[in-house]
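Engineer: Protein sequence lines correspond, in order, to chains E and F. For the first sequence, the numbering used here gives the first residue as 1, with consecutive numbering after it. For the second sequence, the numbering used here gives the first residue as 1001, with consecutive numbering after it.
The hints are simulated quantities; they were obtained by calculation from the structure and are not laboratory data. Note that the structure is predicted; figures quoted are calculated from it, not measured. From the three backbone atoms N, C-alpha and C, an ideal C-beta is built for every residue, glycine too. Hints may contain errors.
Just some of the chain E residues that point at chain F, by a computed CB distance under 8 angstroms [said to hold, decoys possible]:
#1 Pro-39
#2 Pro-61
#3 Tyr-64
#4 Pro-75
#5 Ile-77
#6 Phe-90
#7 Asn-103
#8 Val-104
#9 Ala-109
#10 Val-115
#11 Leu-116
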Amino acid sequence: EAQVTQNPRYLITVTGKKLTVTCSQNMNHEYMSWYRQDPGLGLRQIYYSMNVEVTDKGDVPEGYKVSRKEKRNFPLILESPSPNQTSLYFCASSPGQGALGANVLTFGAGSRLTVL
Amino acid sequence: KNQVEQSPQSLIILEGKNCTLQCNYTVSPFSNLRWYKQDTGRGPVSLTIMTFSENTKSNGRYTATLDADTKQSSLHITASQLSDSASYICVVRERNTGNQFYFGTGTSLTVIP
Chain E
1 EAQVTQNPRY LITVTGKKLT VTCSQNMNHE YMSWYRQDPG LGLRQIYYSM NVEVTDKGDV
61 PEGYKVSRKE KRNFPLILES PSPNQTSLYF CASSPGQGAL GANVLTFGAG SRLTVL
Chain F
1001 KNQVEQSPQS LIILEGKNCT LQCNYTVSPF SNLRWYKQDT GRGPVSLTIM TFSENTKSNG
1061 RYTATLDADT KQSSLHITAS QLSDSASYIC VVRERNTGNQ FYFGTGTSLT VIP
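The shape of chain F in the complex, shown without the other chains (with noise of 0.2 angstroms):
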């Protein structure tokens, strides 16, 4: 069965800290991995994509890496921010499917001062 696991499920650091979150994955076979950022009561916007050929990609203060042999993802958050207060959704695609996408249930981050 294709799934999708993120740890932890919720986070407290403090402002300037770093964190990694992670993304555990069954899906096959694996088209790619995306990681979207989901404010409180708003719709997830993407933050990266990671394709099969991929190890590393970042986007400013936000590094994804994947390995596809183990299945996982991680994001790591550099020199966090409070803005960064916000939960992280792990999603994967499948390839060659017509239901395309399956989602983690994501990982609540709260920053504090």
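Same shape as in the complex, but just chain E (with noise of 0.2 angstroms):
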């Protein structure tokens, strides 16, 4: 089944305490993303990757790393988690541009995060 798999799905940790947000997805698709839901704000992009090695912030990056070692994954990097980091994240990904499906974007069932 083509999907995007997040993990952990749920998360509670403690201020400072580095931590990881898998993301891998079986599509073979070239572009991948990070975001981040919070209530009223909708959301919001932190990181995408254009392909392998290839990666570029969003529009809320502070405090977040990622990295493109292999196309099938994206990982979340948080080094020094916050309270206000405290969030539910997303991970998706599409086909890159001019490929069949180019315009769609299938997301993971998303990772919650608490932050003590």
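With the hints as a guide, bring both chains together as one complex.
Structural biologist: Pasting the structure below:
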């Protein structure tokens, strides 16, 4: 089944304890992206990647890191989490420009993170 | 600045009634516009896409319209069902750029019996 898989789905952690949220897609998509969703603010982009080894900042990149060493994986790293990073996080992927289906984003199920 | 604005922010309707959600955008150059449905706590799922040349597209009880001149789109839901309760997000793609997608903040729809 074509899908975007995020782990963990739920996580409670403490301030300053490094954590990684993994994202993997099995559709050979070139484009991958991370979003956070907070009440009243909608989906805001954190980082995106157009292809392997190509990443760029979105609207709210502060406090986050990403890497794209393989096409299928795009982990989100919080080096020193803070309470204001408590949020619902979504990973999404899409085929590259010009490819069939390039205009659709496939989202993961979400990862709910709480930082105490 | 490229922006996508949706209205209303929230909406409550009776089961069986129709409703219309609005999306205004300033994204240019425009490539396409897609509506997503997001159930609470889950990832958004695509409903329908509108390209520059399309005015209307239907997907079951969902009908999307696009006016590329005024940069407005609407999503009309007919004979609403309880399962339509969700957030509806308008996403616009910019043509010929790296970062492709611009999101509205969504309309939260609640259908009550």
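Engineer: Would you mind marking each hint as holding or not holding in the structure?
Structural biologist: Structure-based check of each hint:
1. With 8 angstroms as the threshold, the beta carbon of Pro-39(E) stays out of range of chain F, its nearest partner Cβ sitting at about 10 angstroms, so the hint is violated.
2. Checking Pro-61(E) against chain F by beta carbon gives a least distance of about 12 angstroms; that is not within 8 angstroms, so the hint is violated.
3. Annotation: interface hint on Tyr-64(E) violated; nearest CB of chain F at approximately 16 angstroms, more than 8 angstroms.
4. The criterion of a C-beta within 8 angstroms of any C-beta in chain F is not met by Pro-75(E), whose closest approach is roughly 17 angstroms, and the hint is violated.
5. At about 20 angstroms, the closest approach between the beta carbon of Ile-77(E) and any beta carbon in chain F exceeds 8 angstroms, and the interface hint on this residue is violated.
6. With a cut of 8 angstroms, the hint placing Phe-90(E) at the interface with chain F holds, because the nearest CB-to-CB distance is about 6 angstroms.
7. Because the smallest distance between the Cβ of Asn-103(E) and any Cβ of chain F comes to about 5 angstroms, under 8 angstroms, the interface hint for this residue holds.
8. Restraint check, Val-104(E) versus chain F: the minimum CB separation of about 5 angstroms is within 8 angstroms; hint holds.
9. Taking 8 angstroms as the C-beta cut-off, the interface hint given for Ala-109(E) holds, the closest approach to chain F being about 5 angstroms.
10. For Val-115(E), the interface hint is violated, since its Cβ never comes within 8 angstroms of a Cβ in chain F; the closest pair sits about 18 angstroms apart.
11. A cut of 8 angstroms between beta carbons decides the hint on Leu-116(E): the least distance to chain F is about 20 angstroms, and the hint is violated.
Hint compliance for this structure: hints 1, 2, 3, 4, 5, 10, 11 are not met, and every other hint is.
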